[in-house]
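Engineer: Given next are the chains, with one letter for each unit.
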Amino acid sequence: MIGLDRASVAFGSRTLFKAISFSVPVGRSMAILGPNGRGKTTLLRALLGFQPLASGTRHAPKVAGYVPQHGASQAKLSGLDVVVMGRAVRLGLFGQPSAADREAAEAALVQVGACGLANLRYDRMSGGQRQMVLIARALATGSPVLVFDEPTSALDLGNQAKTLELLDTLRLRRDFAIIFTTHDPNHALAAADDVLLMMPGGGEIHGPVSQMIEPDRLSELYGVPMRWVEVKGPTGGTRRAILPAFSGTEAA
Amino acid sequence: MSAVVAEPVRRGVSVMRIGVFGALLIALVAAMLFAIGAGRFSVSVPRIVEILMAGAMNPGLAPAQMDERIVLLVRLPRVLLAALSGAALAVGGAALQGVFRNPLVSPQVLGISQGAAFGGAMALLFGYSGVVLLGLAFVFGLSALILVGALARINGRTEVITVILSGMVIGALFGALVSIIQFIADPNTSLPAIVYWLMGSFATATWARLGLAIPGMAIGLVIVFALRYRLNLLALEDSEARSLGVNPDRERWYVFTAISLMTGTSVAVAGIVGWIGLVVPHAARILVGEDHRALIPASAIIGAAYLTFIDTLARTLTSAEIPLGVLTALIGAPVFAVLLRKHFKEANRP
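Protein chains in written order, with my numbering: chain A, 1 to 252; chain B, 253 to 602.
Note that these hints are calculated values from the structure, not bench results. Beta carbons: idealized from backbone N, C-alpha and C, even for Gly. Be a bit skeptical, because a hint or two may be false.
[Said to hold, decoys possible] Computed from the model, here is a short list of chain B residues facing chain A with C-beta under 8 Å:
(1) 433
(2) 458
(3) 462
(4) 481
(5) 491
(6) 492
(7) 494
(8) 497
(9) 501
(10) 590
This is chain B alone, in the form it adopts within the complex (with noise of 0.2 Å):
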């Protein structure tokens, strides 16, 4: 009989969930055109609209005109690029969240972004940059992964709170390591490289640096959202979880690999944009809930909106661009710094 009654409230909340998704994805969609015709040289709407689809009618063709150079081949695959990356920070963040019940842990607790910033520093170090670049950044980022792991097993048992300790420990580790690299670069030439990749900037963005970046995003986006109810579960009680069938300590990896192939992918192209992880999947909460089902796809959205919108700010505001760690920080830290206080008011509630 109940069920008789619930049938409409359920709809009344899906109903308003739809809603909040397509505002969401038209946010998106707004941030974007808003990104390819903000600049030096602005482009209108129309006209965006106009070469993207020239473009998309006539892929092999070479842009001419003036316009259509700097939108698809400066600022499109630029966009884009902020886009994913800011899509899989923030999925990261919110998925990690949520296996470790805990809204203020983010990818770098993990040791994750600390390793890849070791690999891609060493890369630049050598002149590298590009593909070996991605590959050292991915391989010390998942280095950091395992070493935490190996680290946080502990009788056989790997309890939440081991492993966030060890990921300061690890992160702390290869901090030390890229003050290393740093301490030895030549002041000339690879030292600025790295200090300035470190502070994260898409400016250096190409459909190339795109084609790198698309795999290990994609890949680390579709299992953790293909994971999404699965989540639900491992925010459980590592007993309560096991109880309903789960095997929280084996699936817990499968998603920290998941986000530290899109960690490190995501420093590689684009050095540490910190705070994505943290500010954003907290926006999602409040729109959407706490239903992981829900959560990682708003997430997503919003993650792509903001960092495409953040990253545009950066390169207008001033003539000259404003590293993008330098505003996700100045954003980030003060969210943070609120939603800290409201969480530990709400956790020791008399």
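The shape of chain A in the complex, shown without the other chains (with noise of 0.2 Å):
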């Protein structure tokens, strides 16, 4: 389980957020939803305990599997090597990798599918790749707690398909808590069992994704009118998408 219980962060002057509480439990996913700048990076930073909290407390397991948005970008390492670093707090501080944290590593690449990356350089991979070494070592840290910070957000469409994939996997195998944030509230829809909206004028609030994803809370954390359509979906059933309706005119 992971969570803040009535938390607050401040810069200075500005509050980021005030006395906001939420938790997910193992077994569940949250996607988190708000504006540039409204502080889901800071919030993140909070949850994994790397920001001080001006009060509040928060609620992690001591290692939690963090995927970075640039993680290890100078590493001129392997993917395995990469992936083996989720093995870290094992180790101790003079601790060397064993052939048993290699394994787990290359499960974990398995687990991903994206074993033919063990021995890519990492600093030559495509973002994608990276993306899925990166979570790859999230697991590897064994946590049952994984948090990604906009895992689809320097993607194409096509990975972008496969991390919600990836994503999607993991949800239903119920034995994460999962907490991501993103800027397309249809990867809320194809990932998330609940959602935190951070509202723009400040406060936040979140339930499960059937009451929160809709047209008119959406339009009011973006500003932009948002409208529900259908989409075929891949296995050939329909779904819903919600999309902004965007002023600009259309080439003729």
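Reassemble the complex: the two chains are provided individually, in unrelated frames, and hints are given to aid placement.
Structural biologist: Here it is in structure tokens:
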């Protein structure tokens, strides 16, 4: 389980959020949505314990599987070496990774379907490949909590679909508490049970996807009218998508 | 399934790595034998081996012959001191570059060298050498480091960039203090000693001086070697390292303390020998890659061989001895210039 209890974060006189309380138990997945600069990343940092709280408490295991937006970008190491780093907390200060740690890392790569990346240099991988390696590293920590900082923001649509499918697979295993931030409410529809909305004027609301992903609330969240549309899903059935009705003029 | 495919590749890498380390060790032994044999009075390699064997069998026996005395009392301690200093300076550089995620930093960056230089110069000003010089060099090297730490700690957090800038400030401060000491030193006695010492030399190496240097350097080397995998984690962004259960703020200081121990000791016994910590880790990175588990031992071996070789050049190229710091700078500065251009070309690739 991971969560905050009446937690506040302030930078100087500016309060990012005040007395926020929510928790994600093992077996649930929560998406965090909010406009730019509202403090989504700061909220994640507070959850992970990197951001001191002005007040309130946080509940989290010692190590959470964290997938940063741009991780290990300078590492001229193999994909497997990067995943093995997920075992760090078991190694201690002077420890060296053992064969068992390498096996755990390989198993994590298999879980994300990226075992082909084990021997590829991390710094030569594409954004999508790096994302898979970082997710494998988070799994290799063995933590029941997984935290993703905008896992889809730097990816093309194909890689977004792949990442969302993986998020959904992990969610349906029901043995992780998952939190991810995103700019696209459709990603919450695809991979979350619950949603936390960080409203533009301050204040947060959270609840199940069916109550939060809803045109009126999202129009207020982003300041753009939102509409439901029906799209045919990959398996043939129809599913709903929620889209912004942008202004602008379509070329004739 | 891919684990099975991956296996041969990794074994290939490790076989290559064993080959690289074997070649480096051979190069180190060759450099040391060359250094012991070369000089005004040259000694052949078979004779060196014979003398060393005899010396090892009866360590208490005073060497009688001329070549025995030169090998055992003059050149062997000098070669060992140069090799140990080279290993310590190179490992210090490699570890710092990892922690700062920047291949362009070196022990001078933290102001440790300048602090140690001030301590040593003060000892020489008052006519002391030996243990006093070593003690003062270490104490002021560590003081510089503690000052940098105090300056760089803002709001309970220590950022890499503030450490680098604080290191520059403290380094400049101790540099000015060294100048003051040179200004007030007696031009006939202590000034030449200080100037010559600051330029760096192993000319005064003896077994006693080697004995002074071994504890600090050995402890520093062992600590950094024990932390070699941790250095891979400390090379990550702080928040990322923290999420993996590492405490970068605290663990960085373990590395810094080990480095100041090695740097302070090396400054005390040989003056400021610059550039080793910059050039050697770069060469090691080309040979074995960026994983500190291989980079740290490779840097140690290359640093030992490199400084042994440079020191031999310094005392054999001309009839008078060339100051060591001059030679390492003559080689190091151009290498650094190339490195700098390459680094920023890669960093700013369109």
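Engineer: Give a verdict on every hint.
Structural biologist: The hints, checked one at a time:
no.	hint	in the structure
1	433	violated, 39 Å
2	458	violated, 34 Å
3	462	violated, 28 Å
4	481	holds, 5 Å
5	491	holds, 5 Å
6	492	holds, 5 Å
7	494	holds, 6 Å
8	497	holds, 3 Å
9	501	violated, 11 Å
10	590	violated, 19 Å
Going down the numbered hints, you'll see the structure goes against 1, 2, 3, 9, 10, while the others check out.
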